[in-house]
Amino acid sequence: MTNEKIDELKTQAADLGNDLKHKAKEAQLQGEKAVDDLKHSAEELKLKGEKALDDLKKDASEQSSEGKEVFSNKVDEIKAKLEDTQHTVQDKFDHLKEEASHKLDDAKVKAAELKEEAAAKFDDLKAQASSKLDDLKKAATDTINKFKG
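End of the sequence shown = 168 in my numbering, gap-free, step of one.
Each hint should be verified, as a subset may be incorrect.
[What the hints assert, rightly or not] Each pair of labels, with its calculated beta carbon distance range:
1. 121 / 99: 32 to 38 Å
2. 108 / 149: 35 to 41 Å
3. 167 / 131: 48 to 54 Å
4. 33 / 57: 33 to 39 Å
5. 166 / 141: 35 to 41 Å
6. 98 / 132: 33 to 39 Å
Because the hints were derived from the structure by calculation, they are not lab data.
Keep in mind it's a predicted model, so treat the numbers as computed, not measured.
Glycine included, every Cβ here is placed at the ideal spot set by N, Cα and C.
Between the sequences and the hints, there should be enough to build the whole structure, so can you do that?
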C-alpha cells in the first residue's frame, strides 16, 4: 500500500471517527431528550394523580357533608314528629281527663239524687213500719184486753 492510500484511509478513518462522534453526540442528545420527555411525562402523571386524589378527597368530603346534612335533617324531622305526637297525646290525655272529671261530677250528682231517693223511701218505709207496729200494738192490746175481760 502506498502512502497515498494510507493517507486516504486515515482521512476516511478520521471522517468516520468524526461521523461517529456526531452520531454518538446525536444519540446522546436523543437519549437525554427521551429521558427529559420521560421525566416530563412522569411529572404530568404525578400532577394528574395528585389532582385526581384531591378531587376524590373533595368528593368524599362533600358526600360526607351531604350525608351528615341528610342525617341531621332526618333527626330534625323525627324530633318534630315526636314533639307533635307528644302534644297530640297530651291533648288527648287532657281531653280524657276532662271527660272523666265531668263523668265523675255527673256520677256524684246521680249518687246524691239516689241517696235522697233512698232516704225518702227509707223514711216512708219507716213511717209505714211504725204505723204497722202501732196497729199491731193496738191489736195486741185489744186481744189482751179481750182475754182479760
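Hints, verified against the model:
no.: 1; hint: 121 / 99: 32 to 38 Å; in the structure: holds (33 Å)
no.: 2; hint: 108 / 149: 35 to 41 Å; in the structure: violated (59 Å)
no.: 3; hint: 167 / 131: 48 to 54 Å; in the structure: holds (52 Å)
no.: 4; hint: 33 / 57: 33 to 39 Å; in the structure: holds (36 Å)
no.: 5; hint: 166 / 141: 35 to 41 Å; in the structure: holds (36 Å)
no.: 6; hint: 98 / 132: 33 to 39 Å; in the structure: violated (51 Å)
Hints 2 and 6, counting from the list given before, are not met by this structure.
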